[in-house]
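Colleague: These are the residues of each chain, in order.
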Amino acid sequence: MLLARKTKISKWVRAAEMCQGDINNLCADTITSELRTSRNTLSTWVVNIGSDNLPCVKEVVLALITGSKVAKIESFDLVLIDTETANQFEFDGKELGDTGIEALKNKHYNICNINYKQLGEISSLFISQVKNEKFCKISKKQIISIIKEAKSANIISLDNFNEQVRDEVARLIQ
Amino acid sequence: MKIWRQYNNKGIERINKEYYIDYINKNTLLGLQDETTSLIDKLKKESKNNMQFINISQGQNFNLTTNEIKYSSNTDDIFKQWSKAVDAIITEDDVDFLEESNLERFFKSTIERFHDGMFGNILIEKYYVKNANNDLRVLAILHAISHLNYEDIEHTGTLIAGACLPNKNIEIVEFALKAFENWGDKTNIEYLETVSLSDGWLQNYISEIIEYLQAK
Numbered sequence: 001m002l003l004a005r006k007t008k009i010s011k012w013v014r015a016a017e018m019c020q021g022d023i024n025n026l027c028a029d030t031i032t033s034e035l036r037t038s039r040n041t042l043s044t045w046v047v048n049i050g051s052d053n054l055p056c057v058k059e060v061v062l063a064l065i066t067g068s069k070v071a072k073i074e075s076f077d078l079v080l081i082d083t084e085t086a087n088q089f090e091f092d093g094k095e096l097g098d099t100g101i102e103a104l105k106n107k108h109y110n111i112c113n114i115n116y117k118q119l120g121e122i123s124s125l126f127i128s129q130v131k132n133e134k135f136c137k138i139s140k141k142q143i144i145s146i147i148k149e150a151k152s153a154n155i156i157s158l159d160n161f162n163e164q165v166r167d168e169v170a171r172l173i174q
Numbered sequence: 175m176k177i178w179r180q181y182n183n184k185g186i187e188r189i190n191k192e193y194y195i196d197y198i199n200k201n202t203l204l205g206l207q208d209e210t211t212s213l214i215d216k217l218k219k220e221s222k223n224n225m226q227f228i229n230i231s232q233g234q235n236f237n238l239t240t241n242e243i244k245y246s247s248n249t250d251d252i253f254k255q256w257s258k259a260v261d262a263i264i265t266e267d268d269v270d271f272l273e274e275s276n277l278e279r280f281f282k283s284t285i286e287r288f289h290d291g292m293f294g295n296i297l298i299e300k301y302y303v304k305n306a307n308n309d310l311r312v313l314a315i316l317h318a319i320s321h322l323n324y325e326d327i328e329h330t331g332t333l334i335a336g337a338c339l340p341n342k343n344i345e346i347v348e349f350a351l352k353a354f355e356n357w358g359d360k361t362n363i364e365y366l367e368t369v370s371l372s373d374g375w376l377q378n379y380i381s382e383i384i385e386y387l388q389a390k
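Respectively, the protein sequence lines represent chains V and A.
Each residue of the first sequence is one higher than the one before, starting from 1 at the first, in the numbering used here.
Each residue of the second sequence is one higher than the one before, starting from 175 at the first, in the numbering used here.
In isolation and in its complexed conformation, chain V is listed as follows (with noise of 0.2 angstroms):
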């Protein structure tokens, strides 16, 4: 299984640069915003396989901009996590994820019970995927494209966006 988390990329380009490939160098505002852990979890989505064989990521950005918290309709960039080689941290998919999409709550899935060394190794992780450009940057261009896709296959509409967004979202599908 492949999952997305929601990062900045830049943050852990520099990470890497800084620590040199030691991980105990890694500098601590990295962790502290990066992997901001609650009740030991950390949050990730589903990623979709196409028929290419290729990551698609359309369903976790309309997760993540029909999310609660969100204020803002702008780009943004996730990490891909392979499950299988990620192996030695522990995933569940009982929480449901924070999204305005009914259909796409289950797509919600937590890294649970991270210790200390599992967040080191997470940071490792991370930094290794982004070295190796496991990761995306969604456009706000791309959002909208996928916005209006989902509003034409009748998957999404304005009320599944929170309040604050809605006119923003309605002026940039017009």
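Don't read these hints as lab results, they were simulated from the structure.
Incorrect hints may have been included.
Lysine-lysine pairs mimicking PhoX-like chemistry, simulated, CA-CA at most 25 angstroms apart [said to hold, decoys possible]: (1) K360/A <-> K137/V; (2) K140/V <-> K282/A; (3) K72/V <-> K390/A.
Label-pair distances were calculated between CB atoms; the ranges are [claimed, not checked]: (4) D98/V <-> N308/A: 27 to 35 angstroms; (5) D159/V <-> E367/A: 35 to 43 angstroms; (6) N53/V <-> K258/A: 51 to 59 angstroms; (7) T85/V <-> S381/A: 30 to 38 angstroms; (8) E17/V <-> G358/A: 26 to 34 angstroms; (9) D251/A <-> N48/V: 53 to 61 angstroms; (10) D22/V <-> N323/A: 43 to 51 angstroms; (11) G21/V <-> E364/A: 39 to 47 angstroms.
Note that CB positions come from ideal geometry on N, CA and C, so glycine has one too.
Start from chain V and add chain A according to the hints.
Modeller: Chain A in isolation, oriented as in the chain V frame:
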């Protein structure tokens, strides 16, 4: 200290080399602390012998002398107090894609508080200049201004985001680009086309932004 600068904001059109004066004196600042007042009206009243203001919306020009432009010590006090508040907000704030930050709310209220956002823009710009070497603060500023309406932050925002693009910290570059993308103003295309970045993914991001702006 005298200050003056070119300005282009709501209701004020820039025609050739016309300048709108950021006029801040003791009385104006005291007024601004209470409730929003018209800076232009005060400027007209208090500088009647030195400046001639003509309604730009009627297509007329205005002339001025800069002799009377004052920058009182009270202005510095206001900036100091305001800066302390910003410092404290940034220390506790989260900067995350898609989400509103406390600094953004504070900037919005600062701009709303002053006529045409003019003095608010000055505060934000000055704060950026004083903290340009502090990555945490610059990131927080960029995230906040990227969420403001472009018309409210046009001059200051473009200057700050533009100044951040050559930054050696790619986090700052990414957030500066995000600002241009969020503002969605086509007039910035030419500038963005001049930007060249060594990281391929960031260069791709600029291309996406330019295409997005061109399609608007």
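Colleague: So, for every hint listed, does it hold in this structure?
Modeller: Here is how each hint holds up against the structure:
Of the supplied pair hints, the one linking K360/A and K137/V holds, its CA atoms being roughly 22 angstroms apart against a limit of 25 angstroms. This hinted pair checks out: K140/V and K282/A have alpha carbons roughly 23 angstroms apart, not beyond 25 angstroms. About 18 angstroms separates the Cα atoms of K72/V and K390/A, which keeps this hinted pair within 25 angstroms; it holds. A beta carbon spacing of about 32 angstroms between D98/V and N308/A agrees with the range 27 to 35 angstroms that was offered as a hint.
A C-beta distance of roughly 39 angstroms is found between D159/V and E367/A, which places it inside the suggested range of 35 to 43 angstroms. Look at N53/V against K258/A: about 55 angstroms separates their beta carbons, and that is inside 51 to 59 angstroms. Distance hint check: the CB atoms of T85/V and S381/A are about 31 angstroms apart, consistent with the given range 30 to 38 angstroms. Separation of E17/V from G358/A is about 31 angstroms and conforms to the stated range, judged on CB atoms against 26 to 34 angstroms.
Look at D251/A against N48/V: about 57 angstroms separates their beta carbons, and that is inside 53 to 61 angstroms. In this structure, D22/V and N323/A meet the distance hint of 43 to 51 angstroms, their C-beta atoms being roughly 45 angstroms apart. Remark: the range hint 39 to 47 angstroms for G21/V to E364/A is upheld by a beta-carbon distance near 41 angstroms.
The structure agrees with every numbered hint stated previously.
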